[in-house]
Amino acid sequence: MRELVVVGAGPAGMAAADAAARRGVAVTLIDSASRLGGQIYRQPLADPGGSEPARPGGPSLPARFRSLEDERVEMILGASVWSASRAPNGFALRLDANPDGGGAVVETQAVVLATGASELVLPFPGWELPGVSTAGGAQALLKSQNVRVGRRVLVAGSGPFLLPVAASLARSGAKVAAVVEACSPSRTMAKLARVLMYPSKVAEALVYMRQLATHRVPFLGGSALISCGGSDRVQRAVVARLDQNWVPVPRSERSFEVDAVCVSFGFVPRLELCRQLELEDTHDGAHPGATAVHDASMASSVPGVFVAGELTGVGGAVVAELEGRIAGHAAASYLGRAPGPASATEWAKAVLKLRRASTFADLLGDIYGLQPGWTTWQTASTVFCRCEDVTWDTVRHAIDVETKSARAVRGLTRCGMGYCQGRTCGPALEMAIAALTGARLGDSGDLHSRPVAVPVPLHQVAEWSDLSEPERSSGDVAPPDQRNRGR
Amino acid sequence: MSVEAAYVPVHFHFDGAELQAPSGLTIAAGLLYNGVLSWRTTRVAGMPRGLFCGIGTCFDCLVDVNDSRAVRACLTVLREGDDVRTSSSTGGPAHA
Amino acid sequence: MIGSAIGTRLAAHDISVCILDRYEPAAGCSSTGEGNILVSDKLPGADLALALRSALLWRELGAKLGDEIEYDPKGGLVVAHSDEELTELFALARSQQLQGVRTRFLAPDDLRTVEPSLSENLAGGVFYDDDAQVQPMRAVGAHIAEIRRLGGRVVAGAEVVGAEFGHERRIRSVTTSAGRIEAGSYVVNAAGPWASELAQRLGTAVPVVPRRGHVLVTEPVSPITDHKVYEANYVGSIHGGGSEWTVSAVVEATVSGTMLLGSSRESVGFARTPNPAIVAAIARSSVALFPCLERVRLMRTYVGFRPATPDRLPIIGRDASIPGLLHATGHEGAGIGLAEATAEAIEDLVLGRAPTIELAPYSPGRFDTGAREGP
Numbered sequence: 001m002r003e004l005v006v007v008g009a010g011p012a013g014m015a016a017a018d019a020a021a022r023r024g025v026a027v028t029l030i031d032s033a034s035r036l037g038g039q040i041y042r043q044p045l046a047d048p049g050g051s052e053p054a055r056p057g058g059p060s061l062p063a064r065f066r067s068l069e070d071e072r073v074e075m076i077l078g079a080s081v082w083s084a085s086r087a088p089n090g091f092a093l094r095l096d097a098n099p100d101g102g103g104a105v106v107e108t109q110a111v112v113l114a115t116g117a118s119e120l121v122l123p124f125p126g127w128e129l130p131g132v133s134t135a136g137g138a139q140a141l142l143k144s145q146n147v148r149v150g151r152r153v154l155v156a157g158s159g160p161f162l163l164p165v166a167a168s169l170a171r172s173g174a175k176v177a178a179v180v181e182a183c184s185p186s187r188t189m190a191k192l193a194r195v196l197m198y199p200s201k202v203a204e205a206l207v208y209m210r211q212l213a214t215h216r217v218p219f220l221g222g223s224a225l226i227s228c229g230g231s232d233r234v235q236r237a238v239v240a241r242l243d244q245n246w247v248p249v250p251r252s253e254r255s256f257e258v259d260a261v262c263v264s265f266g267f268v269p270r271l272e273l274c275r276q277l278e279l280e281d282t283h284d285g286a287h288p289g290a291t292a293v294h295d296a297s298m299a300s301s302v303p304g305v306f307v308a309g310e311l312t313g314v315g316g317a318v319v320a321e322l323e324g325r326i327a328g329h330a331a332a333s334y335l336g337r338a339p340g341p342a343s344a345t346e347w348a349k350a351v352l353k354l355r356r357a358s359t360f361a362d363l364l365g366d367i368y369g370l371q372p373g374w375t376t377w378q379t380a381s382t383v384f385c386r387c388e389d390v391t392w393d394t395v396r397h398a399i400d401v402e403t404k405s406a407r408a409v410r411g412l413t414r415c416g417m418g419y420c421q422g423r424t425c426g427p428a429l430e431m432a433i434a435a436l437t438g439a440r441l442g443d444s445g446d447l448h449s450r451p452v453a454v455p456v457p458l459h460q461v462a463e464w465s466d467l468s469e470p471e472r473s474s475g476d477v478a479p480p481d482q483r484n485r486g487r
Numbered sequence: 001m002s003v004e005a006a007y008v009p010v011h012f013h014f015d016g017a018e019l020q021a022p023s024g025l026t027i028a029a030g031l032l033y034n035g036v037l038s039w040r041t042t043r044v045a046g047m048p049r050g051l052f053c054g055i056g057t058c059f060d061c062l063v064d065v066n067d068s069r070a071v072r073a074c075l076t077v078l079r080e081g082d083d084v085r086t087s088s089s090t091g092g093p094a095h096a
Numbered sequence: 001m002i003g004s005a006i007g008t009r010l011a012a013h014d015i016s017v018c019i020l021d022r023y024e025p026a027a028g029c030s031s032t033g034e035g036n037i038l039v040s041d042k043l044p045g046a047d048l049a050l051a052l053r054s055a056l057l058w059r060e061l062g063a064k065l066g067d068e069i070e071y072d073p074k075g076g077l078v079v080a081h082s083d084e085e086l087t088e089l090f091a092l093a094r095s096q097q098l099q100g101v102r103t104r105f106l107a108p109d110d111l112r113t114v115e116p117s118l119s120e121n122l123a124g125g126v127f128y129d130d131d132a133q134v135q136p137m138r139a140v141g142a143h144i145a146e147i148r149r150l151g152g153r154v155v156a157g158a159e160v161v162g163a164e165f166g167h168e169r170r171i172r173s174v175t176t177s178a179g180r181i182e183a184g185s186y187v188v189n190a191a192g193p194w195a196s197e198l199a200q201r202l203g204t205a206v207p208v209v210p211r212r213g214h215v216l217v218t219e220p221v222s223p224i225t226d227h228k229v230y231e232a233n234y235v236g237s238i239h240g241g242g243s244e245w246t247v248s249a250v251v252e253a254t255v256s257g258t259m260l261l262g263s264s265r266e267s268v269g270f271a272r273t274p275n276p277a278i279v280a281a282i283a284r285s286s287v288a289l290f291p292c293l294e295r296v297r298l299m300r301t302y303v304g305f306r307p308a309t310p311d312r313l314p315i316i317g318r319d320a321s322i323p324g325l326l327h328a329t330g331h332e333g334a335g336i337g338l339a340e341a342t343a344e345a346i347e348d349l350v351l352g353r354a355p356t357i358e359l360a361p362y363s364p365g366r367f368d369t370g371a372r373e374g375p
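Chains as they are written, first to last, in the working numbering: chain A, 1 to 487; chain B, 1 to 96; chain C, 1 to 375.
Just chain A, with the same shape it has in the complex (with noise of 0.2 angstroms):
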């Protein structure tokens, strides 16, 4: 039975692994890369030669996060939890800690939930031609591998994000055709007076925004890409303005030529373990998914489960570390550690800067919403699934005459059923119910309850040893640095 399991090892889970540790605590770090940094900070899969990472933290970690590589902290990386579920004494999760031999099972006292958030896409016409990727996907590739997605590429959504990764292409050598953003400029100016309440935060937006300028790369506000065209690979982009419900404007429309496509809608977070846990969660009617509930010492609703980071909404690196940060001090107290007083400071002060980057984030959420009018960009024949080859007409049609139900659509249309398991089109079924019915966003119930949270072979679902006793260990298991990136 080990102590605490952090289960995530992006800023959220270091920070919480970290402050844990410092108190005394024996932490178990679990994530499904290969290395520590999660999405944000992104390392290598393997080291030059394609041999196994020879350290957890990649060359560009952040230095504060160093302190992990020096083995207070157990870790097990590339392993995914695909199950997490009550035990006696605490809680008992499941991975698929080895490829070619049988799964494991960990069973802990206290448990942080840090496992961050996917991408939100919305359908369009030709998005699922080839060349067409996330911006988050472009962005992994390029930091992580230095491959490039294309060399003319048009970068299109909403939010903050497309900045960095425009900037990123830019700086690469990529052409950037345009930024495009769904958001028009005038939300931004309404709000001008409370943006400028964060120079650090304006400062970096208008670095990229320079580094932009400087690659005479477009910043489009108040359009969307509307359209994809392409033989058998993506090859026109057509850009329209947006009424404010993003609606196209008729005849605004303008083509690009490009050869990769870039989208990116802002972010939904990963729910399945707080589910499978039945944390309570939230919906605030206004991002599609939900978000776990918790109290100010990032305690979620099940006593001993902590949760932090995106989970508990989209707020980006900075406020996902220091709810970490708070996360693995309440843990650390939840197991007995009572917090010296150099804890207790370090802890009070994490909770006061949570404050003032929390408003932050709330601010950006405020200035980027999502508008219903994407659904009008749609042709009846335009993929929604991407997985199953559902058509937009077909979930339409199960909308308006059979359900408002998120579970029932993908039972009548098997939208949500393919690999993905509704993970891409979820999100945009759950806002696709909301704009055509008028309901509330989130009444539709979502598809984030996944009792498996990632597809695991069945002979590690049926053979498994309990990895709390390392030393009786079953021989089918490998140690930690003997394991292989699976396939």
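Simulated from the structure, these hints should not be mistaken for laboratory data.
Backbone N, C-alpha and C define an ideal beta-carbon position, used for all residues, glycine too.
Derived DEER-like restraints, expressed as beta-carbon distance ranges:
hint	chain 1	residue 1	chain 2	residue 2	range
1	C	R169	A	P303	47 to 57 angstroms
2	A	D400	C	R112	46 to 56 angstroms
3	A	Q244	C	P291	58 to 68 angstroms
4	A	R356	C	P291	56 to 66 angstroms
Covered stretches of chain B (in silico footprint by chain A; criterion: 3 or more residues with CB under 8 angstroms from a CB of chain A, positions within the stretch not fixed):
hint	region
5	36–46
6	59–67
7	71–81
Fit chains B and C to the given chain A structure using the hints.
Chains B and C alone, transformed into the frame defined by chain A:
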């Protein structure tokens, strides 16, 4: 396609063609490096797919490699001698 | 499934029909099962009689609607792990044969001719030609569409919370979350595992309790099996009743290429969160039947609640105390398969026809110690 660095090549096959890519890349990155944008056909409509989310959540980038079927190309590191093949979006034992 | 099947038959006789669901059609058991139409797992006697009749009716419906409802007369293979199990299985099969079930007795070598991917460690099995499969949500959808076409009403989001009684204790109207609805001549309780709750709200009782099951869904794979394959101890697990959970492997492929793996039974009320230990046990026993499933990935799992009765026979017929109230429930894990014959039985009752099959064994009144009522 890529920002040049010290280049240690990995040689592999894709649908029979001989290709190479810098070592340490994922299969998806290695294919993109070679200008290959799609390596899968969808189950229902047989449409081409390649990289989409790039981080392992969308399962669009499924590829067959050696005796594994329908693995995520964006997460799987490319190794010397890999036999990479277009996936038909079906997993399970290669012989069944 | 039960309700919509009944509705279609009655509407076809120009009877004005109104189907109520507290959520929407197929929101209950119909969306969480496997779509089994089995005779193989039925005990001889009343259990098997209903199943045989229903399988025939499904065959007819399948011929009419085929692809739309994905009706597949694929056949079922029941396998035994040991000689003792095989002896019991053969005995059951022989007694089922006497009632007209088509069976083929298979030695281990024959097993692998029928199912090449089966484990080599099996003692033998029985093949049942009459077992079939359907896609339940589509079947419900087809029935609902037909009911509407015939002028019937389907009201979703209407949860029955009570009733207004008229003369002689007939139900005059039901009170629902969507308003009051006139009852007409008959009210049918087809609420599956919630049938006892509904009965209580109407002032009567039927002994139906939920029996939870898990289904595992794999990634799409090249076909491993063309039939439904399950372990001989499945029949025992239906009729067992201990407090611990039981698992018995059931493996089949679907049109979309995914494999469905079951089965489990436990009494945990309506608990919604799947039990990972049960998921592991189903995985284990499925891989024991089909070793090539080892590397196939599990994509999702879901639970459903079977309506179980004390003697494991359905409850079909007139309520003992409320005139005009009929029950059509308690089908345990066989609701889809038994739906058509159940609907026919209700049709017989409502039309005043001689029943197509003997209905006494399914009578709601059989549970009253001082029962006065027949079928």
